[in-house]
Amino acid sequence: MLSLKNILAAAVVLVSSVQADYVIDPDSVSLTIRNSWCMSEKSTCPLICQQTTPGTTLVNDCDAKTLTYGCVCGDNKQPNVSEYSLTLPYFVCQEWGDQCVKGCGQDNNCASACRENHPCGAQNPTRVNTTSSSAHPSATSTGSQSTDAAGAIYTGLAGSNDDSGSSTPGNGAFRLGASDGMFGFVILAASVGLGVFML
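Per numbering that gives the first Met the number 0, the sequence shown starts with residue 0, numbered consecutively.
These aren't lab readings, by the way, just hints derived from the structure by calculation.
These numbers come from a predicted model, not from an experiment.
A virtual CB, placed ideally from N, CA and C, is assigned to each residue, including glycine.
Heads up, some of the hints might be wrong.
[Unchecked claim] Calculated cross-link-like contacts (lysine to aspartate or glutamate; reagent style EDC-like; alpha-carbon spacing at most 16 Å):
#: 1; residue 1: K101; residue 2: E115
#: 2; residue 1: K101; residue 2: D24
#: 3; residue 1: K64; residue 2: D97
#: 4; residue 1: K76; residue 2: D60
#: 5; residue 1: K41; residue 2: D62
#: 6; residue 1: K41; residue 2: D60
#: 7; residue 1: K64; residue 2: E115
[Claimed, not checked] The calculated label-pair distances, taken between Cβ atoms and stated as ranges, are:
#: 8; residue 1: T55; residue 2: S190; range: 43 to 53 Å
#: 9; residue 1: T55; residue 2: Q122; range: 26 to 36 Å
#: 10; residue 1: S27; residue 2: Q105; range: 16 to 26 Å
#: 11; residue 1: Q105; residue 2: A189; range: 48 to 58 Å
#: 12; residue 1: S27; residue 2: G73; range: 58 to 68 Å
#: 13; residue 1: G120; residue 2: L193; range: 25 to 35 Å
#: 14; residue 1: R114; residue 2: F196; range: 49 to 59 Å
#: 15; residue 1: D62; residue 2: D97; range: 33 to 43 Å
#: 16; residue 1: N123; residue 2: V22; range: 17 to 27 Å
#: 17; residue 1: H117; residue 2: S42; range: 41 to 51 Å
#: 18; residue 1: D26; residue 2: A112; range: 23 to 33 Å
#: 19; residue 1: G54; residue 2: P118; range: 26 to 36 Å
Construct the entire structure; sequences and hints are all you get.
Structure follows, in structure tokens:
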């Protein structure tokens with residue numbers, strides 16, 4: 000028995016199947032590659048939908064023969080998958096750029112314009128999980144991701160300042176002799192010696 004949800008999902012697939020922003024002839028790419036693009040699209044759609052409430056996916060479809068796809072999240076909205084890599088629009092854009100460059104022949108300006116004027120993927124992605132930080136991190140900072148004044152995102156251990164260029168040890172674990180390399184050499188030599196001894 001067909002449920003209302005299945006009928007709605009099928010209707011949404013037909014309505015929301017969209018062509019990629021860049022159009023290429025599907026037959027210009029092998030079906031094997033197009034199938035891999037669709038596999039990536041189908042894997043990426045649920046990950047994108049997990050960022051919305053309720054975190055579910057209603058429609059997740061991709062047709063490798065026509066290079067169309069449908070991705071609708073549990074909130075009945077279609078996310079802008081062109082902001083993400085490993086999606087069908089991203090792969091089609093990359094292929095469009097490859098074909099554009101190939102069509103330029105030996106004209107380097109033309110080939111450069113193909114890539115520079117038509118970038119693929121997110122140019123200004125929406126930051127879903129961001130935290131704020133001050134110029135001097137506090138000792139109680141608990142986030143694993145922070146932003147600087149320019150909005151650049153850094154990942155790593157909470158409170159670590161490895162990117163600061165400072166030679167003073169921060170809260171990183173086991174920094175003994177990290178700057179001179181002698182400690183690492185001793186460990187390597189001891190490991191080799193132990194290995195020879197075990198033979």
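**Asked** Hints broken by the structure, by number, lowest first?
**Response** 3, 7, 12, 13, 15 and 17
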